[in-house]
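Peer 1: Listed below, chain by chain, are the residues.
There are 2 protein chains.
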Amino acid sequence: MTEDTRMSLTTTASSTIVAPTQFMQGRNETYAYRRFGHGAGRPLLCLQHFTGTLDNWDPAVTDPLASGREVILFGSAGVGRSTGTVPPTVTGMAAHALGFLDSLGVDNCDVLGFSLGGMVAQQMARDRPSIVRRMILVGTAPRGGEDIMHLDKPTLARHLGDPTLKGYAVLQKIFFASTPSSQAAGSAFIERLAQRTDDLDTAPGREVASAQMAAFREWEQATGTRFGDLKGIHQPTLVVNGLHDELIPVSNSYRLAESLPNAVLLAYPDSGHGSIFQFHESFARQAAAFLASDAPFAPY
Amino acid sequence: MTEDTRMSLTTTASSTIVAPTQFMQGRNETYAYRRFGHGAGRPLLCLQHFTGTLDNWDPAVTDPLASGREVILFGSAGVGRSTGTVPPTVTGMAAHALGFLDSLGVDNCDVLGFSLGGMVAQQMARDRPSIVRRMILVGTAPRGGEDIMHLDKPTLARHLGDPTLKGYAVLQKIFFASTPSSQAAGSAFIERLAQRTDDLDTAPGREVASAQMAAFREWEQATGTRFGDLKGIHQPTLVVNGLHDELIPVSNSYRLAESLPNAVLLAYPDSGHGSIFQFHESFARQAAAFLASDAPFAPY
Chain A
0 MTEDTRMSLT TTASSTIVAP TQFMQGRNET YAYRRFGHGA GRPLLCLQHF
50 TGTLDNWDPA VTDPLASGRE VILFGSAGVG RSTGTVPPTV TGMAAHALGF
100 LDSLGVDNCD VLGFSLGGMV AQQMARDRPS IVRRMILVGT APRGGEDIMH
150 LDKPTLARHL GDPTLKGYAV LQKIFFASTP SSQAAGSAFI ERLAQRTDDL
200 DTAPGREVAS AQMAAFREWE QATGTRFGDL KGIHQPTLVV NGLHDELIPV
250 SNSYRLAESL PNAVLLAYPD SGHGSIFQFH ESFARQAAAF LASDAPFAPY
Chain B
0 MTEDTRMSLT TTASSTIVAP TQFMQGRNET YAYRRFGHGA GRPLLCLQHF
50 TGTLDNWDPA VTDPLASGRE VILFGSAGVG RSTGTVPPTV TGMAAHALGF
100 LDSLGVDNCD VLGFSLGGMV AQQMARDRPS IVRRMILVGT APRGGEDIMH
150 LDKPTLARHL GDPTLKGYAV LQKIFFASTP SSQAAGSAFI ERLAQRTDDL
200 DTAPGREVAS AQMAAFREWE QATGTRFGDL KGIHQPTLVV NGLHDELIPV
250 SNSYRLAESL PNAVLLAYPD SGHGSIFQFH ESFARQAAAF LASDAPFAPY
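Residue numbers (numbering that gives the first Met the number 0), protein chains in the order written: chain A, 0 to 299; chain B, 0 to 299.
Treat the hints with care, since some could be wrong.
It does not matter which identical chain is meant; a pair holds if it fits inside one copy or across any two.
[As the list claims (entries may be wrong)] Restricting the straight-line Cα-Cα distance to at most 27 angstroms, the calculated cross-link-like pairs of lysine-lysine (DSS-like) are:
id	residue 1	residue 2
1	Lys165	Lys230
2	Lys152	Lys165
3	Lys172	Lys152
These are computed hints drawn from the structure, not numbers from a lab.
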């Protein structure tokens, strides 16, 4: 990206790279968010991953989607510059997201939930079905899922404990597969994230990671019949994952798609947790086609 | 479809419903086939399911694909009006398909393999990699797969042994899920098959079913490391299945996509073995997008 292009994006503010951070006073907290793009589609609420902030959205994914609708990147309580503390349950996070939409005056939208954000999206659809039109659940798991974010696994711990890996370099290792092609895609991904240089979010501290990790452990506990709660989510849903995800294995996406009554499953090769960043052109095309549909069924 | 439309299709012969059956003299056998459509894409070889003939291709699937390329429906040895006997192994069937393409002068094509046909497609890609550009594997299983076409399972046997179900009515029961929506799609599917009324194939006898069933049993046996043989298939591949397939469970598609180095997985809700007939509009769109790609990787 050249300097000139950046100027023009600043003018329109229609890119993940330059969209200004805004603040919405909710009932109890002030939420940081970014909102950009336009088009005939419903607004797309984007819910972020473990310890991710507004700065962790890949412009190669969210910019193309912003050409057909408003994209709303949401900072939940206690994350980045949003006030409050991170709830230790997904249900608590869903309550914040619903309260934020209420404050914003959005009573129906599409939701893209990535990883932890995908769990929050499921909970929102259960707690307030009317507010969710279509959902995209990426690299995530149903309640009662398996092997969710166990960072002490050797395959993950060796990168997380590697003192030579700084900042986003850790993301490249754990979000992408170990193949040269996936690692190259990971390198391009972190270069894209680094394109945003102003108006950055606050880096999350240990208390964010700790509360979100507690939420993962709680989410692993099934309530009632395992996956039975998914039967009540009727929204057309697109479930997406990398076939070699170490953080939240793809088996969780299989269970999601099998148990949700109305979900298409799309899984990508040669990729891990960050599959949609690796295959951003494909994902943006698929997601746009899915969101463009008004059919009562998920296939698009 | 009105009579007038049918006349115009007869004139162009560009539909599954009216394409004339042709015969190709191979080295040892004469193969029945149908060839129609045109466009810039590679020819698409279509390989049929257990006891299926040329008449079992759904025009709602193969007609849209014929608008971008030639579609070639292949009758393997011993099936329909092709001469010879059905080999009791997938490898034997792959040899017939390769010999047919040789006789036709096709040295590179795309392949759509459904169920048994998907196994034959995999074997072709292993035995002659140069002849396959891209593959679509629908409702099928890798060598060493599980629960492949066990027709004595109660969920299947109750339909197969039901004397009140005649002809295609059995297909409606076993290719589609038990939900009203899936059964309605099944009913529409068999109505579409019935649109072809002339130049029909010979119905397969018991010896066809028996040899093909032997091929399934042989295919269930892994050779060497389970699924290890898939690592050598580098063609971009699209793996498709219904999430509730009783004939060849979707777990086989999971294993295919996980073990092939270059495969996208697409799975449909509320559907069984016949998912692509139920969601024919979606499948035709997805398949066309996949086949239109020249990328070295499968995501499209």
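Peer 1: Is the C-alpha distance from lysine 152 to lysine 165 at most 27 angstroms within one copy, between copies, in both cases, or in neither?
Peer 2: within (20 angstroms within a copy, 55 angstroms between copies)
Peer 1: Have a look at lysine 172 and lysine 152 and pick one of within, between, both or neither, based on CA distance no larger than 27 angstroms.
Peer 2: Intra 14 angstroms, inter 45 angstroms, cutoff 27 angstroms: intra-copy only.
Peer 1: Under a CA distance limit of 27 angstroms, which applies to lysine 165 and lysine 230: within one copy, between copies, both, or neither?
Peer 2: neither (42 angstroms within a copy, 34 angstroms between copies)
Violated hint: 1 only; the structure is consistent with all others.
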